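Q: Taken in order, these protein sequences are the chains called H and C.
In terms of our numbering, the first sequence opens at residue 1 and continues consecutively.
In terms of our numbering, the second sequence opens at residue 309 and continues consecutively.
By construction, these hints were calculated from the structure, which means they are not laboratory data.
Among these hints, one or two may not hold up.
[What the hints assert, rightly or not] Okay, derived cross-link-like pairs now, EDC-like style, lysine to aspartate or glutamate, Cα gap no bigger than 20 Å in a straight line:
(1) C:Lys595 x H:Glu304
(2) C:Lys520 x H:Asp300
(3) C:Lys493 x H:Glu204
(4) C:Lys493 x H:Glu86
(5) H:Lys247 x C:Glu612
(6) H:Lys292 x C:Asp610
(7) C:Lys510 x C:Glu394
(8) C:Lys510 x H:Asp90
(9) C:Lys493 x H:Glu224
[To be verified] A few chain H positions that, by computed beta-carbon distances, are all more than 12 Å from chain C:
(10) Lys20
(11) Asp68
(12) Thr72
(13) Glu73
(14) Phe104
(15) Asn147
(16) Ile210
(17) Glu280
If you're wondering where the values come from, they're calculated on a predicted model, not measured in any experiment.
Don't be surprised by glycine CBs; every beta carbon is placed ideally from N, CA and C.
Number of protein chains: 2
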Amino acid sequence: MSVLVVGSVAYDSVETPFAKIDEALGGSATFFSSVASFFAPVHLVAVVGDDFRRDDIQFLREKGVDLDGLQTEPGKTFRWKGKYLENMNDRETIYTHLNVFEKFNPVLPEKYKDSEFVFLANIGPELQYNVIEQVKQPKFVAMDTMNFWITGSPDALKKTLSRVDALVINDSEVQLLSGENNIYKGARIIQEMGPETLIIKKGEHGAILIHKDSYFSCPAYPVENLYDPTGAGDTFAGGLMGYLAMKGEITNDNLRRGIVVASALASFCVEGFSVNRLKEISAENIKSRIQKLLDLLRVDQDDEWIQA
Amino acid sequence: MSVLVVGSVAYDSVETPFAKIDEALGGSATFFSSVASFFAPVHLVAVVGDDFRRDDIQFLREKGVDLDGLQTEPGKTFRWKGKYLENMNDRETIYTHLNVFEKFNPVLPEKYKDSEFVFLANIGPELQYNVIEQVKQPKFVAMDTMNFWITGSPDALKKTLSRVDALVINDSEVQLLSGENNIYKGARIIQEMGPETLIIKKGEHGAILIHKDSYFSCPAYPVENLYDPTGAGDTFAGGLMGYLAMKGEITNDNLRRGIVVASALASFCVEGFSVNRLKEISAENIKSRIQKLLDLLRVDQDDEWIQA
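Isolated chain H, as found in the complex:
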């Protein structure tokens, strides 16, 4: 089955303690599509300016991404610049120029309206809600959000949350959204807002899946050369949603496996600037990291845990 993503397509400039890059292809929908397309046909809804480069269109097309929903408007493409500090975890935004993205109004092409798997990347909750309204019979809707919307648009966000099946969120955002320091207590508060599934991203510490009352904890793949974390969260979401769309059914086991797939893909993303590493990798490379993650998680039952 296909997967629909609505988000940003942007040009990112990034500085790390080791290197820098200017105006490279970025944006949530870009990272998402680059990897979801390994698993399922991707339908993309986003907006770019008339300065958007042909070879970037070409890259997405070669990935098999359906671009009928990619609007081109007069003006410049969304630009963002960020700088990572020494620890590679904290970053500061140098600038955000929304440009054509400021008036983004996601309109789904007719053929997208039958989408069953939908990912609402980190855009305003009102826009996310409008997308949900356009999809006829979604099977699984997942969304991202961020502190800007949690504190700035809490009511709109809660309205959207009440309509989704899953929320993909950072651990610090769980605390902000729930008002609870303990993430397990916080997760239950958020589940009561709507989504029965939470996927909590913890960067180098991996991710936690909370599906109803079942927990799964997946480590991050042991990356030894962290180059640029930009896009890792959207790559993670792309792996998860692509895998689920390929499977076609939301089960606890598929969600668990989807988190492993997502972690494998996110680990490639951070090994290069922009989508550079994602351009290089093959299905075999991905399978190899999935198997290594399964080995990181492997532990066998014992006949007798305690002599008692």
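Starting from the known structure of chain H, fit chain C onto it as the hints suggest.
A: Here is chain C on its own, set in the frame of chain H:
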């Protein structure tokens, strides 16, 4: 098989944002023994003052801990006071009164010298080395250490490291000891110093086992009521070493299972002050948390991860 632990027995005073306790039973060897004794006979080497309370002796005795190696010296027992900040991760030491511990000279009773499983808790590396020298044919020696020794006694520490099989250490200490920010690169540097096994504790983010070139990542048990983290690391070590001594063989599978056992036990420790929660729990309670941790780790192989 029995397990030998050499460390501290102390009286701890602890303040958290929620509660406080004065002069409660603590110390690395205490926490360790309280839980290792669920799995194997424990031989304890430590020193206390003549103020040490009879009911604390009684508690350890009832746990089946062999106290022939517990020295009593004229003077006061080691006292420590710490205060946890709002996030319950950072803590400040209010005071450390070594008292009789200042002149601690670990002397093994004759019958302890045949110990096969040895844990050197966080004491000076020279003392740890002296213990190793007294054990005839150890099968598995693990040690703890801390930033104080890493920066203060690097040569003595390296001498001791060259004689142990395993190091149990925090993630920040991996960076300090190896001089490498990436923990996987850092771990290899430390392995070259001696121990082929590293157990890296990450608090709420779980623990990583590195055994030769095999990695295992174990989540922390989802604790919803974190009360007092004091002793969690020593409780973790006690669970691991107790389990390994019960099994009698160091295999990759036993180490993996031992980390799960250790995580289960550490989760009880932080739910109360001092050894209060550890006094209450039964073998059934422990088994139940082990099974929940196994479910947190559970993910099944897929026939086809990618349609390619």
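Q: Against this structure, judge whether each hint is valid.
A: Hints, verified against the model:
no., hint, verdict
1, C:Lys595 x H:Glu304, "holds (9 Å)"
2, C:Lys520 x H:Asp300, "holds (19 Å)"
3, C:Lys493 x H:Glu204, "holds (14 Å)"
4, C:Lys493 x H:Glu86, "holds (17 Å)"
5, H:Lys247 x C:Glu612, "holds (10 Å)"
6, H:Lys292 x C:Asp610, "holds (14 Å)"
7, C:Lys510 x C:Glu394, "holds (18 Å)"
8, C:Lys510 x H:Asp90, "holds (19 Å)"
9, C:Lys493 x H:Glu224, "holds (7 Å)"
10, Lys20, "holds (20 Å)"
11, Asp68, "holds (22 Å)"
12, Thr72, "holds (31 Å)"
13, Glu73, "holds (34 Å)"
14, Phe104, "holds (31 Å)"
15, Asn147, "holds (18 Å)"
16, Ile210, "violated (9 Å)"
17, Glu280, "holds (15 Å)"
The structure does not agree with numbered hint 16 stated previously, though it agrees with all others.
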